[in-house]
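In the numbering used here, the protein residues as written are 1 to 283.
Think of the hints as simulated: they come from the structure by calculation, not from any bench.
Please read all numbers here as calculations on a predicted model, not as lab measurements.
From the three backbone atoms N, C-alpha and C, an ideal C-beta is built for every residue, glycine too.
Do not rely on the hints blindly, as some may be mistaken.
Simulated restraints, written as ranges between beta carbons of each label pair [said to hold, decoys possible]: (1) R26 / F108: 29 to 37 Å; (2) R237 / G74: 25 to 33 Å; (3) K278 / E92: 13 to 21 Å; (4) K195 / R262: 35 to 43 Å.
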Amino acid sequence: MSQKIILITGCSSGIGFEAIETLKKRGHRVIASCRKLVDVERLQQLGFEAIQLDVNDEHSIASGLKQVLEKTEGRLDVLINNAGYGQIGALEDVPRLALIAQFNTNVFGLMELTRLVIPIMRAQGHGRIINISSILGLISLPFRGAYNASKYAVEGLCDTLRLELEPSSGIRVITIEPGPIESEFRNHAVDDSIKSIDIEKSHFKRHYQHMLTHFKAKKAESSFTKKPKAVVNQLIRAIESKSPKPKYMVTSATYFLMLFKRLFPTRLLDRFLRFVSKQELDN
Numbered sequence: 001m002s003q004k005i006i007l008i009t010g011c012s013s014g015i016g017f018e019a020i021e022t023l024k025k026r027g028h029r030v031i032a033s034c035r036k037l038v039d040v041e042r043l044q045q046l047g048f049e050a051i052q053l054d055v056n057d058e059h060s061i062a063s064g065l066k067q068v069l070e071k072t073e074g075r076l077d078v079l080i081n082n083a084g085y086g087q088i089g090a091l092e093d094v095p096r097l098a099l100i101a102q103f104n105t106n107v108f109g110l111m112e113l114t115r116l117v118i119p120i121m122r123a124q125g126h127g128r129i130i131n132i133s134s135i136l137g138l139i140s141l142p143f144r145g146a147y148n149a150s151k152y153a154v155e156g157l158c159d160t161l162r163l164e165l166e167p168s169s170g171i172r173v174i175t176i177e178p179g180p181i182e183s184e185f186r187n188h189a190v191d192d193s194i195k196s197i198d199i200e201k202s203h204f205k206r207h208y209q210h211m212l213t214h215f216k217a218k219k220a221e222s223s224f225t226k227k228p229k230a231v232v233n234q235l236i237r238a239i240e241s242k243s244p245k246p247k248y249m250v251t252s253a254t255y256f257l258m259l260f261k262r263l264f265p266t267r268l269l270d271r272f273l274r275f276v277s278k279q280e281l282d283n
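With the sequences and hints as input, model every part of the structure.
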């Protein structure tokens, strides 16, 4: 296996941190990026190559990529777009600016970095662009509308790029679609989202009050929830396989829900998803 030069966004914790640890151990040259300088310095102290790159800022994206190319003499084999966050809230309660912010990070930043990387990979005749999507880019759940929409957009970008770039460019576009993964992602989503919602005036006041207590703890209790390593195992396949799949699903929940979506009519799927959400929020 040849060493790959890999740039990963969103490496301060969770999937990103697990990925840089594992891929470095496998002999790859991994350059981690984080939004906050304090996280970059922490990773550097741990022995990782790390740069500051804020996917919400196009100047930071361009500057960060320039730093990477200076380090690697212009070569980049793999880009992993991992940076992202989630929001909780009924769509009717999500302010316009909160929805814009969701897309700035999860969609527009991802695409801006990808757009800048494509000419580099095309010129060298090879490359892999790996985007971390979600089961919520394939099916929707209530109270996750902003995040659902952003990940549906990521799926659309990935599918279109794959059609445009393969096979003539030598660039492979690969989508990773995790289900529930153990991390602080859910807690941050709840805590940060609630700040932008007027709970007292909301029709869903009771649901939000529940989210702030029992709801955050439940994901870790689920048998469907996997460690970040489950995602990294699929990343390894996407990076090292001679012929990677266009899409890699992660967790049994993702496989089950996609099978359900293919086999059953929309109304039945909606009924099931409402039931799942009700169980989660009412218990």
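Worksheet item: In ascending order, which of the hints set out earlier in this document are inconsistent with the structure?
Response: Checked against the structure, no hint fails, so every one of them is satisfied.
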